[in-house]
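Take a look at the letters that make up each chain.
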Amino acid sequence: MNISIKKYYYGDIPEETAGGNELKNSIVPPSGGGGGWPLWEVFIRSKQGLDHKHAGSLHATDATMAIENARDVYTRRQEGVSIWVVESKYIHATNPDEAESLYEPANDKIYRHPSFYDLPDEVKHM
Amino acid sequence: MQDSKTTNNEKSSKPLGSLQIPISGGREAFLLHLADNALLLAQRNSEWCGHGPVLEQDIAITNISLDLLGQARNFYHYAAQLTGDGATENTLAYLRSEREFKNCLLVEQPNGDWGQTILRQFLFSHYQYLLYGQLQYSNDEPVAAIAAKALKEVTYHVRWSSEWVIRLGDGTKESHERMLKAIDQLWTFTGELFVPVAYEKETIIGFDLPSLQQPWFEKVSAVLKEATLWSPNFGEAVFMQTGGKQGIHSEHLGYILAELQYLQRAYPGAEW
Numbered sequence: 021m022n023i024s025i026k027k028y029y030y031g032d033i034p035e036e037t038a039g040g041n042e043l044k045n046s047i048v049p050p051s052g053g054g055g056g057w058p059l060w061e062v063f064i065r066s067k068q069g070l071d072h073k074h075a076g077s078l079h080a081t082d083a084t085m086a087i088e089n090a091r092d093v094y095t096r097r098q099e100g101v102s103i104w105v106v107e108s109k110y111i112h113a114t115n116p117d118e119a120e121s122l123y124e125p126a127n128d129k130i131y132r133h134p135s136f137y138d139l140p141d142e143v144k145h146m
Numbered sequence: 013m014q015d016s017k018t019t020n021n022e023k024s025s026k027p028l029g030s031l032q033i034p035i036s037g038g039r040e041a042f043l044l045h046l047a048d049n050a051l052l053l054a055q056r057n058s059e060w061c062g063h064g065p066v067l068e069q070d071i072a073i074t075n076i077s078l079d080l081l082g083q084a085r086n087f088y089h090y091a092a093q094l095t096g097d098g099a100t101e102n103t104l105a106y107l108r109s110e111r112e113f114k115n116c117l118l119v120e121q122p123n124g125d126w127g128q129t130i131l132r133q134f135l136f137s138h139y140q141y142l143l144y145g146q147l148q149y150s151n152d153e154p155v156a157a158i159a160a161k162a163l164k165e166v167t168y169h170v171r172w173s174s175e176w177v178i179r180l181g182d183g184t185k186e187s188h189e190r191m192l193k194a195i196d197q198l199w200t201f202t203g204e205l206f207v208p209v210a211y212e213k214e215t216i217i218g219f220d221l222p223s224l225q226q227p228w229f230e231k232v233s234a235v236l237k238e239a240t241l242w243s244p245n246f247g248e249a250v251f252m253q254t255g256g257k258q259g260i261h262s263e264h265l266g267y268i269l270a271e272l273q274y275l276q277r278a279y280p281g282a283e284w
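If you read the protein sequences in the order shown, they are chains A and B.
Quick note on our numbering: the first sequence kicks off at 21 and runs consecutively.
Quick note on our numbering: the second sequence kicks off at 13 and runs consecutively.
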């Protein structure tokens, strides 16, 4: 049995699969597609003292617009008190094909979890 | 980018008048004027819902629309309390006819292209910013509270629309020309904002409305200059359309109200 399923992530869809090729040379950018604007990753801090967490991505022409767009798209429901944006191309990621060598070796090393101690009752908040 | 010009402007706007405002006569009309301005611009902006140039700006313009709708609701609610006689925010919004609406002509102008919508928001938000900046000092507590809350929203509208005016004005040849066309279309409706009508006398609103014109002109000019859209003609006396604040509107208002009020007119009292 050799079934291969290719999963595409947002922004990853190759040109030939994406459709809309007939629009490629038209002047008007397809609505909602960001109009060829670069993609930005948005990080939101939900309240003071917590970390910024990845909230999603959006299109914008520059950092100023990216922050304004992030404010409108990701903080409408009181999600945040601070916004970071970074252009997606500056994020470097591990290659999914290397997942075996990178992550699987940790699978059988449960002794790395600090769960093999008997905690005295006097110790709280552990 | 424009922080110094657009967001930090007069954070501490100072009261211009004595602020001893009697709640009487013109006050309800003034409240309706404020509410109608916000409602009509909210309705116009909401026409972009699902049609924005990009997804993110579609959300931005409809966010602004909802901000304005919220302001309108607050002013209608208060006006209805003063009016009594069974009036509610809904009857004031849905059951008055064109001649009873007191919004300025600027907010009922058609959306046109994105540039024209941006420019309309830009011209109006700068005015609203100065107006609410004064109203937050009103001795009429509900008005002061609504204005103070709305001022935070409007501060963002000023920033957002100014950014876009600069982007489009100082953008491509086409966007520049479209912005010039939009100024041509809308400039003639800006004079009305600062010409007080009966219910905007200093004794009713607490300050002299025309005194906002110079600061408005300076703020708007600074951004238009940055956007390479400025022309000395803007400073000259040109013919200005008036009448909206007294109920004499352009032909557009009837169509807007037909859409806005259709449901309540067709099914009176409908709720969901």
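Keep in mind the hints are simulated off the structure, nothing from the lab.
There could be a bad hint or two in this list.
Label pairs and their calculated CB-CB ranges [said to hold, decoys possible]:
1) B:Leu275 x A:Gln98: 26 to 34 Å
2) B:Glu112 x A:Leu70: 49 to 57 Å
3) B:Glu271 x A:Gln98: 37 to 45 Å
4) A:Arg97 x B:Glu112: 31 to 39 Å
5) A:Arg96 x B:Ala270: 25 to 33 Å
6) A:Lys109 x B:Glu112: 52 to 60 Å
Backbone N, C-alpha and C define an ideal beta-carbon position, used for all residues, glycine too.
These are the hints, each one checked on the structure:
Remark: the range hint 26 to 34 Å for leucine 275 of chain B to glutamine 98 of chain A is upheld by a beta-carbon distance near 30 Å. Range check, glutamate 112 of chain B to leucine 70 of chain A: about 50 Å between beta-carbon atoms, so the 49 to 57 Å window is met. At roughly 31 Å, the beta carbons of glutamate 271 of chain B and glutamine 98 of chain A sit outside the given window of 37 to 45 Å. Separated by about 36 Å at the C-beta atoms, arginine 97 of chain A and glutamate 112 of chain B satisfy the suggested range of 31 to 39 Å.
One distance hint, 25 to 33 Å for the beta-carbon pair arginine 96 of chain A and alanine 270 of chain B, holds here, with the actual separation near 30 Å. The beta-carbon spacing between lysine 109 of chain A and glutamate 112 of chain B, approximately 55 Å, falls within the hinted interval of 52 to 60 Å.
In summary, the one numbered hint that this structure violates is 3.
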